[in-house]
Structure formats: structure tokens, C-alpha cells
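Those protein sequence lines, which keep their order, are chains L and S.
Going by the numbering used here, the first residue of the first sequence is number 8, and it counts up by one from there.
Going by the numbering used here, the first residue of the second sequence is number 80, and it counts up by one from there.
Honestly, the hints are just simulated from the structure, not real lab data.
Treat the hints with care, as some may be off.
What the hints assert, rightly or not - A short list of chain S residues far from chain L (calculated; beta carbon distances all over 10 Å): (1) D86; (2) E144; (3) T245.
What the hints assert, rightly or not - The calculated PhoX-like cross-link candidates involving lysine-lysine, where the alpha carbons are at most 25 Å apart (straight line), are: (4) L:K227 - L:K103; (5) L:K227 - S:K258; (6) S:K120 - S:K217; (7) S:K147 - S:K120; (8) S:K217 - S:K258; (9) S:K187 - L:K227.
Even for Gly, the Cβ is constructed at its ideal location relative to N, Cα and C.
For reference, the chains in residue letters:
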Amino acid sequence: MVKNVPVLDLDAIIDDPGTRIIVCCGSGGVGKTTTAAALGLRAAERGRCAVVLTVDPARRLAQSMGLSELDNTPRLIKGVEGAGTGKLYAMMLDMKRTFDEIIEAHADPERARQILTNPFYQSLSSSFSGTQEYMAMEKLGQLRRSGEWDLIIVDTPPSRSALDFLDAPERLGRFLDGRFIRMLTAPAKAGGRSAFKLLNAGFGLVAGALTKLLGAQVLKDLQTFVSALDAVFGGFRTRAEQTYKLLQAPGTAFVVVAAPERDAMREASYFVERLAEERMPLAGVVINRVHRSPAAVLSAARSTAAAEDLESRGEHELTSAVLRLHADRMQLAAREQREQDHFTSAHPTVPVARVPAMPGDVHDLDGLREVGTLLAAQ
Amino acid sequence: MSSRDTDWDGVRLHVVTGKGGTGKTTVAAALALALAAEGRKVLLIEVEGRQGIAQVFDLPPLPYEERKIAVAPGGGDVYALALDPEEAMLEYLEMFYGMRRTGRALSKLGIVDFATTIAPGFRDVLVTGKTTEAVRRKGKNGRRIYDAVVLDAPPTGRVVRFLNVTNEVAGLARVGPIKNHADLVSGVVASPETAVHFVTLLEEMPVQETLDGITELRRAGLPAGGVFINMVRGSLLPEAALDAAAAGRFDPAELALGLKAAGLAEGGSGTAVAEALAQEVTEHARRAELERQERTSLDAADRPRYELPLLSDGVDLAGLYELAETMREQGAA
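Excised from the complex, chain S in its bound form (with noise of 0.2 Å):
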């Protein structure tokens, strides 16, 4: 570990959640890269077989094996890892019965695609569970492998059932290895080593979804992490000019004043053009007034906060970089 003091010192396992479409899959890559900064060694992990990891850092699809995707700033290694819960269940009966031709077998006759149909909890505890092995993964030197694992997880509405797989799976199974197996797991999920990561927006729907979602872990005894505010608009405004103009009061006749200043009033435009700005000032100031609103909203979860721009030509791998840089200055990792 580095000497710097981060919000989540101690913590190896980085779940990110998030709803659809807040950005989850490029909030994880981008945590992954800073907490890789200066030497250290992540592990990304992605569940659900998007190839979103690939995406975001502009790659072909990415196979079921740990490699090497990204450097971090400063030195450091990202390695990424798309799973698919087929190949982590022969994983599994190999390591831990040997029985890799019974699996190839199994896997014929179509009992992953039966059990992943049949009954979830036993997907999502593979697909833990591998996740989990990652983290807890020792080289020769008895250290760990991996400085952090970032987990890439479902949306939020599902993220409590997919964690919580003791739960899922004791319905279904009261005694036996898989029950071993979850216990195992969530000794991990549930333990201080891991936080729950929630990527918002500020806009009225996510941010009831993060409240929702930070409620329903802590009562499933989930360590809940940071919220995440992705896509933040910077304000160019005066407070002053944008009360006023949440208000309806935005006076256009100094901006008239100023386009004529800056050469834009040519032929008697000026007033047309001021009035379709002071239009747009109103617009951004209400929404700015939106903004205020949920953020007040997210004081009622009290986790830290992290709060990311908006990336003005879309997010590429230069974008996921100053993400991380930005994640790092507010001590998020």
C-alpha cells in the first residue's frame, strides 16, 4: 500500500453498482485504474457477459482468463477478467473435486445452462465465489496477488440477491458443498475487506434507487462503500445570475450588452440571440435547482462521496484516466 491515507484503506474487494445507464461498467474501470496507481495490481472483473469491460478500454472481447489490459498512472498493472459462469463452474468442480471430465459432461447434457435457469443463486454463488478466490488468491511470497479486485456488478435493483448468496442458496440447499462454498463466499462479501460501491446520477430515479439499494444492504448486513456522482456539470454561473434565474428573473438586457461587447450583435441580432440564451440560462439554473435537491437526498445515506465530470467528448481510455485521476484527488483511492 502506498502512504497515502484513502477512504477504503483495508478494502480488497470494490463491488460497483449502479441503475442503467449511470455509468456502472465505466465508474469500475476507472476505480480499477487508481487504485492500480503507483505500483499496485488490480484485478477487473465484469458478471454479466457485456463485454462492457472491452468497451470502455476500446479492446477486442475479452476470453475467461485474467490478462493485462491497462497500465496504471504511475505505474501499476490493471488486469481484467470477463466471467462466464459455464467456465467457472468446471473451474470449480475441478479444484475442488477433481471432476473435470464429470463437468465437461455436465456441461453437455445442459445442466449449467439448467441450473442457471432453475435456481440463479447457484450462478451468482459461482460467479462469487470465483470473484471471492481472486481476492483471497496468494502468490509464493504469501502475499496476496491481487492489491484489489473491482467487481463490475449487476445493476442495483438486483445487487442484494446477487451478494447475498448464503441467503439464495440455503433455500435451496441447506447442507453440502455448495452451501460450503456460499458460506465461504460471503465470509468475504460480508466481511470489512469488502464495500458496496453506488454509481448515481443526479437525477430523481437513481438517486431513489442508491437510497433504496444502500437500505436494503445494510439490512442484509452488506458493508455499503461510496456513492459515486457520475456525469456532474460543472456551473459556469454566478450564483446570483443562477437564483435569478431559477426564478424567472434573468434580466437578457446585460447580456445584450456583453454580446454586443464581444462582436455577436451583428445586424440587430443581439436581442434575439440574448433572449434564446437567458432561455438556455433558465433551463440549466431549473436544473441546477434539480440537482441541489438530490443531492440534499443523498445527505440521508451519509457515505462518502465522490462527485465525477462529464466528459464533454464521451468517455475514451484519455476520459477513463482523468476519471481515476479525479477518483484519487478526492480520495476514493
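In isolation and in its complexed conformation, chain L is listed as follows (with noise of 0.2 Å):
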């Protein structure tokens, strides 16, 4: 076991008014969603003003707060404790309705209904593999910006590969200032004559196995939809930088979530790397359903053995497989500790918090109260 690893004071962060924004990052499967809302419950039972922010359109997590269902807005969350005056609202990113409402907003109505129609703006805003990234970004802003809120836990998109939701304004900006699309909206926009001739020929040529390849009424699509969305994204990339600054200020603090499983910890490793990288401001690793045994004085090689002892005597059956469930048990923490010895070793400065594995889910605020209370028991 390796010894002396910090301990991640998640208390600490959210009673911390400089604290306002909380990243939970990790790959899917790890409670990513449940330990954002707990922290949310958590943080607003201390006297915060906090909104979660999370794109797991699961139900469940709405229903385990009250709600039949969550929507692109804030909605405020009974049932919250706590002397103080704090207050805890939820909502779920609607990256469609986010995209459509940036569109609105930043077009004249004209231009909007060009884009809003075009195929290519549906398929971008309904299945683009970045744009959910990209709208949590824009979200996270908005909510920052209003100033409604004192504390932001944003849950982010189980991604794919880990971080895209911090290559997503940098993807955006390679995806529009990228020579193909100064290419299509090139006739357009083209001042000096000699310019216009040298991008045209190329087009010509690109745009000719395009068209065989896509035919001309989709290429024709393409050009309408890139030039009526390039007037629109300037102040959305502008943004999106500022989003990404804010991220990086002081006032922020990711959490990578993690369970004690060879993928979950890599990737976690992962996320590490990447933040540090990308100078994020780490608070630590939460790792998830430890597994833990009530009876760990009892080691597993000699419950092991002491069931084969029963089981040759044809004695105390019940003993025996009690025994042996036991030593299962055992051989699982021993294996959870060493995935996580792999990760401490590797990175011996970052703070980690365990929590224990429960038997069920968790199905209201009582169950989110817990977890954060065995968030904060470390």
C-alpha cells in the first residue's frame, strides 16, 4: 500500500467561498453524475447557492431529487436541510436547444432561420460528437455569467476520449478557420481579387470530387449553411475562450472521478495528466465503490483455509461458505487496492477520497445525502 497520500477535503472546496465552479470529470460507469449531485446537496446544505449542471439524461437522477424530469433551465430542488440559507437548483444540458438559443440570439432572424433549417446545422447540433462538449462550455458560461449562483458543479459528457470537452473550442476554431472552410466560404467574403482566383482553383478541384463523391445538392448545402453559421460564430469562439480562462482561474476546481478498476484508474491517470497539461486546477481523485470488508482482521488465505478445514470434516456448511464469501471479498479489496496503488504511486501528490460501494442505488435526496457525507468522512 502506498502510504502518505493526501487526502482530498472535499468539505474544504465547497465551504470555501472563492470555490466557484466544480469540474467532475471520468470516464462513464464511475457514479460521475451522482457524486456532482451530491456535492451540489452537500455544498447547498452548507450555506451555498449551487446549480448542478449535467448532461446524464437519466432519470433517475432527476427523480432522486424530486423531479419528474430535467430541463435546459434551473429548477430549484425541495427538500434541501441545513440551517443556513443555501439553495440547490438542477438542470440538464439540452445541447440542441442550447445550440438553436446561441443561434437566435446572435442572428438576425433571417440569417437564424437559414441556419436553423439547413441539414447540415440539425445534424451538427443533434449529433455532432463534440457539440455536447461544446454547449456544456457554453452552458457553464451562461450560468457563470448571470451570477445567480455562488457554486457551478457541472457533471461532463462521459467522453469518448477523455478531455474532448476542453478540445472542444479548439476544435471548433480548427474546424472554422480551417483552409476547407476558408475554401467554401471563400467566393463569399474574398476581397483581393488574385485571392479569390488561387482559392477558387483549388475549390474547383476539391469541390469537383466532393460533388462525386456527396453530389451538388448536398455541397451546395454545405456552402449556404457554412457561410450564413461563419458570421455567427466569431462571438462564439470568443467565448468559448473565455470559458476555458475561467476554467483555468483559481476559483475552479476539477474532480476526476474514478472507480478502483484497471480502465476507470487509467483513464483517470488520464484525466490527471491532461489537466496538468492544460494547467486546470486539480482538487483531487474521488474514487468510487471501494470495496471494504467489516471483518478485514480476518485475512483471505486463512479464510480460505479454514473453509477447506470445515469442508473436509463435512462441518458447519454454513461457516464454510460464509468463509468463502469472505475470502472473495477480501481478494476483491486486495485487487481494488492494488489498481489504486498503480494510479497513487504514479501520481503520489494528488489527493484522493474514497467512497465505499453500497449495495443499491441511490434513489433520493436521503441517498444523495449520504454520499456526500461519505464523501466528506475520509
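With the hints as a guide, bring both chains together as one complex.
See below:
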């Protein structure tokens, strides 16, 4: 076991009025959304005015907070306890709605209509693999600018590649500044004649190939879309960059969520390294679903040996079954410990909080409160 | 084909999906091994650029190339391919249009990046296109090169959109070569030669996603396959003891006697250990009860089910073979 791993004190983080944003990231299936919601509830019950922004469409989460469904508007959660004036709001990102609103807000009605009805826009706004990440950033910026909440907790999309949401603004930038986009928009905005000619010659070649591939109508739709969107995107990118800077600022705390399994811990390592590269402030790692045994004094080896002994004598069947069960549990705990040790030896300075595995899923505020207590009790 | 009857005789394309964390790649890999058993040839494809296949087989990263990676029980070959959309696009351009050089130029201009950014439907059609090409590919003797193709597909939440390429592309290209290509793909994907399998755990969220996924799949007219319940923990305890524990009535007294008999009660610690173990039994019983409920929920899907044990040493190569064997015993392959 790796010694002296620093402890992640989540209460200190949520109690610090300087903490304005907490970003929970991690691979899929590690309890990220539940962690975000539990932190939100705990923060509210300790006096913060918090909003949880989730991208998880699971209705269970909404129900656990007493709402039938979450939508694109922060909703007040009832049943928050605590002596202070804390409040909890929750919302689920609707990426298409968020995208539509941006277009409507930044383009004149005619151009907005052109964009909203374009087939490429519809595809982009509902299924672009980075749209969700991008819109989560956009929404985060909106919530922050509104000033209505003093703590925003974001649950990031379970991205294929770990930090897609950080890459989204850059990807969007690359997309818009790419030579191809410039070619597509060139005929509309080229000032100098020579530039126009040069780009157009290239464009002819590419357009020919694309027409062959996609058909002429597709290309025309694409061109209309790009030139319409181009006018809107300037403000878009500026805001994305602002949000990115906001994430690097001291008021932000990144919490990497993991489970004590090989893949999840490997992803956690990757997140920690990427966050360091991007100079994003990492608070620590939460390891969910850690198996422990109340009878840890009895080792797996002794337990198995005793079970074999009883079995060979044909006595105490129940006890031998329980001893085997216990040995399994101890082995699982040992394996989980090894996976955690791999991580902590590679990242010895990263604070860690561990949450024991619970038998069932969280169904209500009490359940979230319990998770919050476990998160804080390190 | 061997003389054994399996649940999926006649299926050539096995698509494996599942919620994140359920062990989708492991199950896809074990299924490929199981299908290749006894002298058959199977291609295992991954599409998300994670190099998951290389990880489960403990190999260096795989290139964009069909490469033999494992020998199946009883002789048989598993090939693997890590699909890259950009390479697939270049190959597609060359194969259908003889446009290799133009392809490189398009790639240099960032067109592939562009296409996958703005219209993931294009990306998906390239990936599924390459997959169905491998399914249909025939050797000189007129027989299919691969007896089966296993696709480690995107997670449950995205899989229907991923497979339903014609629909995705239709919005963008109503006519033209991409549309024709998509039609060809969906001819395979929507046929009885394909089965879409779901990997789940006996937990509330993955089970719910599986049920939702199957419903969505059926609505899209795509063929639902089996449900693989992964990481199942066998119960060692007798039913009666489990029931008593779940109801909070497990009596540690008998356990204390047993511990004493086993020589684990030295210094009078027997009672304390018995109580701690009883607590462990109660937690185990509660979990077993929840698992029972999830199994009942899965009945609604009405799909063949396979149970894969939790491997106590984690998944290594030996574990993969063990899972493959379990699949064969249960008729999954």
C-alpha cells in the first residue's frame, strides 16, 4: 500500500466561498453524475447557492431530486436541509436547445432561419460528437455570467476521449479556421481578386471531388450553412475561450471521478495528466465503489484455509460458505487496492477521497446526502 | 460451420454494445474467440480509436490492418482491425473511384476532419461500410473470408444512431454515391445476418439502458441479439441463509460456533469476527436481492441471456479464454 497519500478534503472546497466552479470528470459508469449531485446537495446544505449542471439524461437522477424530469433551465430542488440560506438548483443540458438559442441570439431573424433549417446545422446540433462538450462549456459560461449562483457544479459528458470538453473550443476553432472552410466561404467574402482566384482554383478541384462523392445538392447546402454560420461564430469562439480561461482560474476545482478498476484508474491517470498539461486546477480524485470488509482482520488466505478445513470435515456448511464469501471479498479489496496503488504511485501528490461501495443505487435526497457524507468523511 | 447448434447460426455480423463500464470490449473479444473455436476465422473490429482490443489481448497498439492476434480453442483464428475513419475514407475513395491521390489531397486539406466534425453520419457510414465490406468479402473459392465479424461498437446510448446510417445520411444526402453506399450498408446491418448484443451488469442503470436500447433498436427495425450479463458473482450461500440475511435476521451464533470449530476464535475474538462476517453476509444478501430484481427487469426484453462470471483475478488472456468457453457452453457461439 502506498503511504501518505494526501486526503481530498471536499468540505474545505465546497465551504470556500472562493470556489465558484467544480468540474467532475471521469470515464463513463463510475458514478460521476451521482458524485456531482451529492456534492451539490452537500454544498447547498452547508449554505451555498449551488446549481448542478448535468448531461446525464437518466431520469433516475431527476427523480432522486424530486423532479419528474430535468430540462435546460435550472430548477429549484425542494427538501434541502441545513440551517443556512443555501439553495440547490439542477438542470440537464439540452444541447440542441442551447445551440438554437445561441443562433437565435446572435443572428438576425432571416439568417437564423437559414441556419436553423439547414440540414447540416440539424446534423451538427444534434449529433456532432463535440457539440455536447462544447454546449456544456457554453452553458457553464452562461450560468457563471448570470451571477445567480455562487457555486456551479458541472458533470461532464462521458467522452470517448477523456477531455473532449476541453478540446471542443479548439476543435471548433480549427474547424472554422481550416483551409476548407475558408475555401467554402471564399467566394462570398474574398476581397482581393488574386486571392479569390487562387482559392477558387483549389476549390474547383475539391468541389469536383466532393460533388462526385456527395452530390451537388449536398455541397450547396454545405456552402450555405458555412457562410451563414461563419458570421455567427466569431462571438461563439470568443466566449469559448473565455470559458476556457475561467476553468483555469483559481475559483475552479476539477474533481476526477474514478472506480477502483483498471480501465477507470487508467482513465483517471490520463485525466490528471491532461489537466496538468492544460494548467487546469485539479482538486483531487474521488474513487467510488471501494469494497471494504468489516472483518478485515481475517485474511483471505486464513479464511480459505479454514473453509477447506471445515469442508474436509463435513462440518459447519454455512460457516464455510461465509468464509469463502469473505475470502472473495478480501481478494476483491486487495485487487482494488493494487489498482489504486498503481495510480497513487504514479501521482503521489494528488489528493484522494474514497467512497465505499453501496449495495443499491441512489433513489432520493437522503441517498444523495449519504453519498455526500461519505465523500466528506475521509 | 461446426455441427453444434448455437443461438446465432446464420449470423455473420455480431455487434456488441453496452453502457460504459460494463466490459463491452472484453465481451466482444471473448465472443470473437468463442466464434472462432474449432477452426473458424473471425474478425474483431474496434471503431472508437481507444486501442481497447490491444489492451485486452495485451498487445502493442494495432495498426489499420487486419492482423491475426489470437488462436481460438480447438484451432481457429481471431483477426483484429482498429478502424480509423480517415483511412477508411481513403480506402473507400480508392476502391470505388480510383481516387487515391485526390483522397490524399482531401485529407491534407482537413476534409476528413471536417466531414467527421460536421456530419458524424459520414464518419459512421465509413466505419460501418468497412465493417460490412469485411462481412461480405469473398475469397477466390467464392466463400466468405470470415465466418463471422465481431464489432466492438459505440456505447448503448449511441449505437442505434451509429447503425442506422441510412437514416443519418438521408438528411444530408438524399441522392448520390454516399447515399448508395449507405443503402448497401443498411442492407447488411438490418438483415438477419446481423445481431446486436447488449452487455450489462446486474445494476439498475445498465439494465435500464439495455432495455431502452433494445426498444430503440426494434423501433429502428434493427435486429436485437442477446444480452450478456457480465461480472456475475456466484452465490455461495444457501438460499435460506440469504433470505434470512436480506430480512436482517441472520444469526451470527451458528457462525461463531463454526469459527470456533475452524480454529478462528482464538482469544475469544470469535463473536466479534462472527458479527463482522454477519454484516458482510447481510450486505451480500441485499445485493443478491437487488440482482434478482434486475434479472426480473431483464425478462421484459425477452432476449437470449448469457451469464459471464466475475473473474476474481481481473481480465487477462486466460480470463478471456475462460469467458469464451462459458459463452460456448451457453450456446452464444
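To see whether the hints hold, each was checked on the structure:
1. D86: About 27 Å separates S:D86 from the closest Cβ of chain L, which puts it past 10 Å; holds.
2. E144: holds (22 Å)
3. T245: holds (14 Å)
4. L:K227 - L:K103: holds (23 Å)
5. L:K227 - S:K258: holds (16 Å)
6. S:K120 - S:K217: At roughly 13 Å apart (the allowed maximum being 25 Å), S:K217 and S:K120 satisfy the hint.
7. S:K147 - S:K120: holds (10 Å)
8. S:K217 - S:K258: The given pair, whose Cα atoms are some 24 Å apart, holds under the 25 Å limit.
9. S:K187 - L:K227: holds (22 Å)
In this structure, every one of the numbered hints holds.
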